[in-house]
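Colleague: Chains as they are written, first to last, in my numbering: chain A, 1 to 438; chain B, 1 to 146.
Treat the hints with caution; some may be incorrect.
[Unchecked claim] Quick look at which bits of chain B chain A covers, simulated, 3 or more residues with Cβ under 8 Å: (1) 28–42; (2) 46–54; (3) 65–75; (4) 102–110.
[To be verified] Counterexamples of contact, computed for chain B against chain A with all Cβ distances above 10 Å: (5) Arg-11; (6) Ala-62; (7) Gly-129.
[Unchecked claim] Pairwise CB distance ranges (calculated): (8) Pro-100(A) <-> Gly-129(B): 37 to 43 Å; (9) Ile-60(B) <-> Arg-183(A): 55 to 61 Å; (10) Gly-236(A) <-> Arg-78(B): 26 to 32 Å; (11) Ile-60(B) <-> Val-311(A): 48 to 54 Å; (12) Val-69(B) <-> Lys-114(A): 50 to 56 Å; (13) Phe-30(B) <-> Pro-100(A): 31 to 37 Å; (14) Met-199(A) <-> Gly-129(B): 52 to 58 Å; (15) Asn-38(B) <-> Thr-271(A): 41 to 47 Å; (16) Gly-77(A) <-> Leu-40(B): 20 to 26 Å; (17) Phe-30(B) <-> Ser-26(A): 37 to 43 Å.
Honestly, the hints are just simulated from the structure, not real lab data. Glycine included, each C-beta is placed from N, C-alpha and C at the ideal position.
Given next are the chains, with one letter for each unit.
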Amino acid sequence: MIRLAGAMSALILVAGGLGACSDKGSDPMRQYGPNPWLPEPKQYLLPPMSVPKAVGWKPGQAPTVAPGLRIQAMASGLMHPRIVYPLPNGDVLVVESNSPGSKPYRPKDYIQGKVKARAGAAAKGGNRITLLRDADGDGIPELKTVLVDHLHSPYGVAWVAGTLYVANTDAVLAFPFTPGQTRITAPGVKLADLPAGQMNHHWTKAMVATADGSKLYVGVGSNSNITENGMDAEEGRAAIYEVDRSTGAKRIYATGTRNPTNLAIQPGTGTLFAVVNERDEIGPDLVPDYLTSIRDGGFYGWPWSYWGNHVDVRVHPQNPAMVAKAIRPDYGLSSHVATLGLAFSQGETLSPRFASGAFVGEHGSWDRSPLNGYQVIFVPFVNGRPSGAPVPVATGFLASDHRTVRGRPVGVALDRTGALIIADDVGNVVWRVSAAAH
Amino acid sequence: MTEVAKGREARLLHPFFISLGGTLLIAALFTDFMYSSNALMQWSNFSGWLIVGGLVLALISAIVLLAEVVLGRAGTIRWLDFTLLAVATVLSIVNVLVHTRDAWTSVVSTGITLSAIVTVLLLVAGIRGWTVTAPRAPRREPETRP
């Protein structure tokens with residue numbers, strides 16, 4: 001009797017849970033735009049995972065670009081490049097960085113780290129900024145040199161008024177810097193602390209300066225997927241900070257953004273936009289990452305809900321008051337694409353098609369089958385808001401059989417000629433996309 | 001000519017490992033209950049580790065049991081105890097996967113239910129002595145003629 005009951009309950013649970021193995025994601029195009037389709041959440045025994053093997057680029061291989069464009073490798077052999085930042089004089093800064101690492105707290109942490117590492121996520125970061133100088137404008141830099149090193153998992157950078165600000169994972173540092181320099185020897189002066197600590201689940205600190213240079217916005221990710229490290233660990237996390245550049249004083253500008261991996265100021269309006277990575281393990285089509293304008297004092301849902309009032313039952317105790325305040329993001333980017341790059345277009349310089357909108361770098365999924373992301377897309381803007389279907393700009397990072405990945409796009413930026421610069425942290429390459437020569 | 005001493009049984013080792021693993025799995029019910037009552041995450045972490053520990057010891061117990069059967073040190077298999085422990089092990093494998101979920105649903109409600117079922121099965125097996133096989137009957141000395 002006991003044997004029968006036990007065996008039956010085991011069978012039901014196993015069949016239900018391992019059904020995750022055949023739980024396929026549906027067409028990502030259903031989840032781009034202001035109203036992504038959202039299925040019911042599921043709880044798994046083994047959440048969907050699919051990790052292509054990181055193999056890098058063979059000589060002569062490059063991503064595929066949209067018609068009318070061409071792509072070149074500006075620099076290779078880098079140490080996990082993530083953010084690219086073109087300077088007004090034509091130099092390009094490349095921030096090479098990876099996680100500071102963390103200790104495992106529960107049995108799952110041992111396994112999850114190894115799974116992600118297969119797709120190249122555990123490579124050693126350079127903890128430095130490399131400078132590329134292409135004086136003759138042919139797209140191939142003549143000079144590649146380390147500008148500043150011994151940083152601590154740096155990510156966002158901003159050059160304002162003779163100072164290069166670098167957002168390490170635990171602080172914003174200020175370095176005196178004039179474009180033209182190839183080396184910074186002065187030590188950085190700390191402008192403001194940032195939440196880090198022993199537990200630093202989402203370590204990247206995106207940063208952007210306002211147009212007038214008075215404020216720096218910094219994106220701080222949550223310290224867990226969905227509060228599984230305790231609510232205390234989330235103090236000051238999953239938020240966008242506004243740092244006063246002259247005093248270093250900071251305040252929380254917006255909250256509820258689970259991992260605001262990149263920030264950009266919309267030209268003309270000065271509105272802050274963010275790309276945000278949403279939560280995992282409730283399904284291959286939940287929850288779509290998003291691109292959204294950020295309101296002062298806005299709350300965007302994490303952890304208690306997503307996409308407005310869709311409650312996440314994994315958070316306990318729940319908080320209906322906060323769920324009622326949650327703002328629905330502007331534009332979904334489909335699920336688990338890991339959006340890491342964001343750059344507004346600057347007129348028609350790359351192509352007339354890309355005149356009004358934003359380029360988004362999709363690092364690519366590790367917890368979804370079929371795989372999603374692994375491309376750079378263009379999101380059109382209409383009347384200052386993201387609208388319409390995305391346009392693929394650079395693809396081919398993932399092999400066609402989806403078993404190996406050659407590169408993964410991270411940060412994107414436009415240089416002064418209007419070319420699109422892409423950081424690729426698995427290929428360890430910086431790519432330059434420009435209009436094809438006529 | 002040496003003989004096994006009169007009345008001495010082969011001492012079995014597998015009950016020791018089963019009792020260790022069983023204790024850890026029963027403790028996981030307590031940590032699950034604490035988590036469900038105060039939502040402090042470390043209780044859920046402890047549950048995860050206790051169930052992993054219990055399963056590792058279950059594996060060791062199975063190996064030791066197999067060795068004892070093969071070496072002829074064990075007696076006949078007691079099928080009720082074997083079944084209780086086998087079902088508890090299968091349910092614990094499912095339970096350890098449930099406990100890898102993030103936050104509240106790692107325990108509430110499937111996790112703590114499985115821990116409770118496993119605890120009942122193990123308590124019964126434990127009261128019956130944690131043994132899967134009967135001890136081998138003592139060897140008798142042949143009768144010697146005066």
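Colleague: Among all the numbered hints in the text so far, which are the ones the structure does not match?
Modeller: Hints 3, 8, 10, 11, 12, 14, 16 not satisfied by this model.
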